[in-house]
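Asks: Okay, here's what each chain looks like letter by letter:
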Amino acid sequence: MIGLLQNLVDAANLGSLYALAALGVGLLFGILRLVNFAHGDFISIGAYALIVPSFEVTAQLFIGDWNWTLMIPTVTLIVVIVALVSDALVFQPLRRASAPTLMIASFAVSYVIQNGILMVYGARPKAANLWSGLDTPILLGDLRVPLLQVITIVVTLGLMGALTLFLKRTRYGVMMRAAAEDFRMAQYLGVNGNFVIGLAFAISGILATAVSLLYLSQTGTLSPTMGVPLALFAFVAVVIGGMGSLLGAVVGGFLVGFVVIMLQAYLPESLRAFRDAFAFMFVILVLLVRPTGIVRTRAFIERV
Amino acid sequence: MSHPSRASLIRRLWPLVALCLGVTAIVAVASLGGEELQVTITEMLIRLTVVVGIYVFIGNSGILSFGHIGFMCIGAYAAAWATVDPTWKQMMLTGLPDWLQEGQFGFLPAVAGGGLLAGLVALVLGSAIMRLSGIAGSIATFAFLAIVNSVYSNWESVTAGTSSIIGVPTVVGPWVAWAFAIGALVLAHLFQVSRFGLMLRASRDDEVAAKSSAVAVIKVRLIAFVVSAIMVGVGGALYGHFLGILTADTFYLSLTFVTLAMLVVGGVGSLAGAVIGVVVVTVVVEVLRHMEAGLTVGGTNIHLPQGSQEIGLGIVMALIMIFRPSGLTRGREIPWPFIAAGARRKPQMVRMG
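Protein sequences appear in the order of chains A and B.
304 is the number that my numbering gives the last residue of the first sequence; the numbers go up by one with no jumps.
1353 is the number that my numbering gives the last residue of the second sequence; the numbers go up by one with no jumps.
Among these hints, one or two may not hold up.
Stated by the list, open to error - To spell it out: a stretch of chain A is covered by chain B in this simulated footprint if at least three of its residues, at any positions, have a beta carbon under 8 Å from a beta carbon of chain B; those stretches are:
#1 90-101
#2 279-292
As the list claims (entries may be wrong) - Label pairs and their in silico Cβ distance ranges:
#3 A:R184 <-> B:R1324: 43 to 53 Å
#4 B:S1254 <-> A:A127: 19 to 29 Å
#5 B:P1335 <-> A:N192: 19 to 29 Å
#6 B:K1211 <-> A:W66: 34 to 44 Å
#7 A:N192 <-> B:L1198: 39 to 49 Å
Unchecked claim - Residues on chain B that point at chain A, a partial pick, calculated with CB under 8 Å:
#8 M1130
#9 L1132
#10 A1136
#11 S1138
#12 S1150
#13 L1253
#14 V1264
#15 G1307
#16 E1310
#17 M1317
#18 I1322
It should be emphasised that the hints constitute simulated quantities derived from the structure, not laboratory data.
All figures in this text were calculated on a predicted structure; none of them were measured in a lab.
Yeah, the Cβ is synthetic: ideal placement off N, Cα and C, and Gly gets one too.
All chains, please: the whole structure from these sequences, using the hints.
Replies: Have a look at this one:
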């Protein structure tokens, strides 16, 4: 029983990370029909921005050593700037391009960022100690929950709440929802397209930063490709959640996190190395049963 | 059309003939060069086989696949299982079936086996994911790439895991690779002009119209997927017998990116685009690689930092997508050269998606 509860907490924790990453991907997909491969690299940048550029194996914290009230805004700003620059340089000229073209373009952005990181920081994975004070466990009866996991879950719920409020209650949020529903119509009604897309990139950068800080503090390692699996699980979460639905992205994220943790816990020892392979097979199965995803949206139904 | 004259046959085959002549000319000229050039050309030709294979699916169906390098991985390992020294296999690859552990096969059966296994996997996978819509399907192929990478890096008893398969006979030189590349071009051309190819291209240009004209879209997509996986699997088998050593990470994101870049730079819409893309990207990458290694000018070594090769390629690709979205060839095949310029048909724009 305790084992199961423990696994559920782990699943909620990992699911939170995937849900946050999936929200960042889903937001851009909703408005731009862009499957952003570079989202994983935004996450990597958030992590690498914390350390001193060097080829050393142990990372020296730089911005990461600052007080968190200063550090979090600085890192967020860096990631948001990278996201906005990639929009301005690559995606803005491609506004009229088809979805596959956008996907390849974002793949190119991702490749450039990954190799840029490699150029400055070297290819080897690095160890970094961010917020090591936070892994003290909290005891709830027999259940040991690391404080970091609690923080992760709380931060995720907080960010999701804030995003919902933003989208439902503010002027810009309404514009974004309108653009996601029907981009051209929204433009006719006076929504500035590039502004809304820039806003979406900025929010997606903020969400990516949250993932990088939480993920780095939990794993303690950095590598130029660290964002790739996160982005991959995020895509998958977006697809099985129902493309174009933010609620679907969150549901998908938690579902994928749950599946991964359960596989990790209950697969026989000899098969555990293939955990991710099983997780992706599960995803393909979900898609076969429900090709439109768990949460159906009107926006993505193909019309003749 | 019932009695096509010889001239019109040549004209119909011209797009293929021109490409084959071009590729042959490159290999012939390069065969005069040094050792290093031979290696570069061989690798280019293997990539040509792979990219043409990928083109058969992506170019004709308009659906983006990130998973084809997974088929390359499957083909490469399958062929290596057949040709590696049995004593080494019995020591390291104890998970293989006995006949494969104890036997040693020739190069050609091994390559055929590699292609076949890739094709079988594509048949199973394809029957599942061809039903998905374009974008969901693309992401599913990406998930497939991740599955292949995860399985081949961790299945110690069959793939030697992270310690890699060594001692694959390096029998692939420029002319062997040339033969397979020409074969791939012929096959791709035949597929493209076959009724399946036409139906698939119709579904690419307008899926609804194709469906209402009785094109079984899912079926023709699946056929293309399998054909293309076989070709890419064969390419993988060649690559293994060119490198001599196999690691699962060879067949992951970088190679996926390079091959897709080749396709996009040349133009996804035509076979000529696949070939020209491979040649152009190879030249760009080689130039950048030499600049990375350094130029010695007057005693000082000037060189670009490590990684500029990849960044340069990424930038070239982004520029092409922005300024010439349908690639260098704009989706056209090589035109018949013997007509007055004014009489040529207007180029047709082919877009993906």
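Asks: Let me make sure I understand: some of the numbered hints might not hold for this structure. Which ones are they, in numerical order?
Replies: 3, 5, 6, 8
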